[in-house]
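Student: Start from the sequences, fold in the hints, and give me the full structure.
Each protein sequence line maps, in turn, to chains A and B. Under our numbering, think of the first position of the first sequence as 1, with each following residue one higher. Under our numbering, think of the first position of the second sequence as 1001, with each following residue one higher.
Hint data in this document are derived by calculation from the structure and do not stem from the laboratory. It should be emphasised that the depicted structure is a prediction, and the values quoted were computed from it without experimental measurement. Any given hint might turn out to be false.
To be verified - Facing chain A, from chain B, some residues (calculated, C-beta under 7 Å):
{"hint": "1", "residue": "1512"}
{"hint": "2", "residue": "1515"}
{"hint": "3", "residue": "1516"}
{"hint": "4", "residue": "1520"}
{"hint": "5", "residue": "1525"}
Using N, Cα and C, we set each Cβ at its ideal position, and we do this for glycine too.
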Amino acid sequence: MYNILVCDDEKEIVDAIEIYLSKEGYNIIKAYNGKEALKIVQERDDIHLIILDIMMPVLDGISTANLIRKDKSIPIIMLSAKSEDYDKIAGLNNGADDYVTKPFNPLELIARVNSQIRRYTMLGTIADKVQEGKNIYKTGELIIDDNTKQVTVEGKEVKLTPTEYNILKFLTKNKGIVYSIEQIYENVWEEESYAAENIIAVHIRHIREKIEINPREPKYLKVIWGIGYKIEKIN
Amino acid sequence: MDLEENKLSKRRILKNISYILIPIFLVIFVGTIASVIFIESNQDFKDAENFYETKWFSYEFFDDISRYTAILEKININTDIAYDVQENVNIGNSDGRIYYLTEYSDIDFLFVNPEEGIAITNLEHTMNTDTIEEIKGYIKNSEVYWNVEEGNVDTNIENLKIENIKYKTQYKEIEALKQNMYTSLNSDDSYYTHYMEIKLVYDIAKELYKISVPLIIISGIILIFSVISVIAGIGRSGKNNKINLNWYDKVPLEIVIIIYFLGILLNVAIVADLSYSGILYSIIICIIDFILFYIFSIITLETIVKRIKTKTLLKSTIIYFICHEIKKTYTNRKVTTKVILLFLVFSIILFTLVALAMDSAFFVLILIGYLFAVLWLLIQAAIKFNKVREAVKSIYEGNTNIHLNEAEMKGVLKELTIYINDIAGGLSNAINQSLKSERLKTELITNVSHDIKTPLTSIINYVDLLKKEKMPNEKCTEYLMILENKSQRLKKLTEDLIEASKASSGNIKLNIEKINVNELVKQISGEFEDRFKAKGLEEILTLPEEEIFINADGRYMYRVLENIYSNAAKYALENTRVYMDIIPKQKTVVIQMKNISKEKLNISVDELMQRFVRGEASRNTEGSGLGLSIANSLTELQGGKFHIYLDGDLFKVTIGFEKA
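Tutor: Here is the structure:
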């Protein structure tokens, strides 16, 4: 049983999150402003994850996260109505591990909570144990085992078609490098592509839908618009 | 536009045709009227069958002939006068001699004097064949002939036959006067030429007279129409319906009129001079003169009509100019009286000094000094004026942060300076105000949107939770579905609202880099493949062979194209094709999407681009109606051009960028 501290000044939102996460088997501790949250964190040692709103009375989420980070490494997911890039950057720079915008998709929030809990509690995930080596490619928690043709993301196996598998393998093998559609085509099919084809783009979207929590904001397979695609290099 | 163009070019062609028609029908019109007057004015001309039948001709001819006879008589007497050939023939009962005067090619004649045994003719000599009878025969076949034998006249001219008796007397008189005749044969061809000329005029006049009524009516109508079409067509040229004025249209009207009258005088002089020349030469000169004068008349007519059409006829006169200048001086008398007074003072001092300097070297120096002083004052004024000019220019260029020193200006310039300072201050305030209010608006929208999002989060989440609960009946499930749809739409709307306000206020940080248009379009096309398929839309991608790069922010370009694709996915008619083309141009590249709209597009492009307006009147589908507005703003922020074209149900978007 993991304990999750949910802090938002809107009581109904806290209650809703409680309903969702309880179903997943988490124990919820509630707080309604930054100060309360801080107090709970200081009093208890068994908090495994904090979901923190930014705009709150008494003490705002950014300051709270900052203060928590002084002596704790508990994962923090920011939950805010502010959706601008600089808001997200500010949140992540001030100790947050993830950022979810309101109004949120409950499934996405659950997936992100699960992901953070796994990382925090497992003392190194499967991904950490797997060493990149012979025919095994990985970035973050995306692992491709070319011996068994298996793809796992955050511990879960993902089913890909052979073409999708080949594209993902090629990009993961060369993680951090941006490839254009044509380059991907030439490397995966080993033949030249035709001008008016969006096949690769379609495959990439399918892969993203399979491996990402939120395909519109991908963590692993990133789209560089007008340039190409890449697999993010995550250690 | 095309129709208008067509109409104009038709009018131009009509005008040019009219220019050719006018002189032709003018000649016909005037000629016919002149003919009518010519014929009507003389009963004799009117009655006669042809020229030779006119009394006028018979009198003239008889007159000439009597003189002619006299001449011939003279030849008879003085046989040493030149004749070509002579031949022996029988004349009457006696032997005689025939003289051929072939160089006199006048009216065919035969003159016989049996008493003396002499015959004279101008028929061509054919050696050994001609007898008097034969010659008579030839003469009878000629158009006009004259045969005198023993005082009897034989001619084919009826009137001359009538005059025969008169001739007989004349003949006798001639006989009597034979001894005293001195007339020479010089230039006697001119008789004939003279008749022929008059005959020509008479014949034409007669012919025209016969058909004068229809001719006058027809040519008159054509003339009127031609003149109207010329006047209507004058000045209209080029693409727009504007009247183009050339340099001649700006020449004062008085000068134009004077030049035209000089032209008329010159013409009259040329024509008057012709009365001493031959008819052929006169005709050629007349035609050339007529053409030149006609062209000159066209130019003058054109300029006057153009002036009337542009309402500058009076304004282009010198008199108007003078009156206008005087009026201007009077209305601006606040300034002009000052200038006039100053000029008067300056002139009086100048003349006084010049007068004094006539005989004094000292005053010459003073005069020079005076002139330099005036020059210095003028330069000072010019410098101050330039300062004002610079200030106005900098306001015009957008720099409102200027201030002129009012203290150093005087009079009118000082007044001007105060105004300019006021305007500059006001403008800079206004600009700051509008910038501030734009920023406040964006902030307001963003903040309100954030505040809406918090309760919205609860709504969406509890609707979702409710969905998982067991519903008492079907209706509840249905209502819940509506709640879910609407709450999702509200979410989308708030997101779009923030983006639209930021995009339209330019409150966005761009990260411009070189991006590949082909790649971008393929990527987005891939993203939308499923959504298009779901609606049965088939995308036809046409990409160029070569790679094309533009300078733009990839993420915002994605937003622009995403909005367009999403627009097509939402509003294109199901099971149709969507065309996506990249069209490279010389220096630019155009990304173009075409699709068939599902709903009637009964609004204008402008309305469509405005926020919150969508193709269909009702707003019961997904989307906020901000998509195109956002795409437009984002494109323009990145330096591109965004256009929408509606043609029936065809919806076309083009995005133009300069190639990198």
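Student: All hints, please: hold or fail.
Tutor: Now for the hints, and whether the structure bears them out:
1. 1512: 11 Å, violated
2. 1515: Nearest chain A Cβ about 3 Å off; hint holds.
3. 1516: Result: holds, 6 Å to nearest chain A Cβ.
4. 1520: Holds, about 4 Å.
5. 1525: OK, holds: residue 1525 (chain B) within 7 Å of chain A, min 4 Å.
The structure does not agree with numbered hint 1 stated previously, though it agrees with all others.
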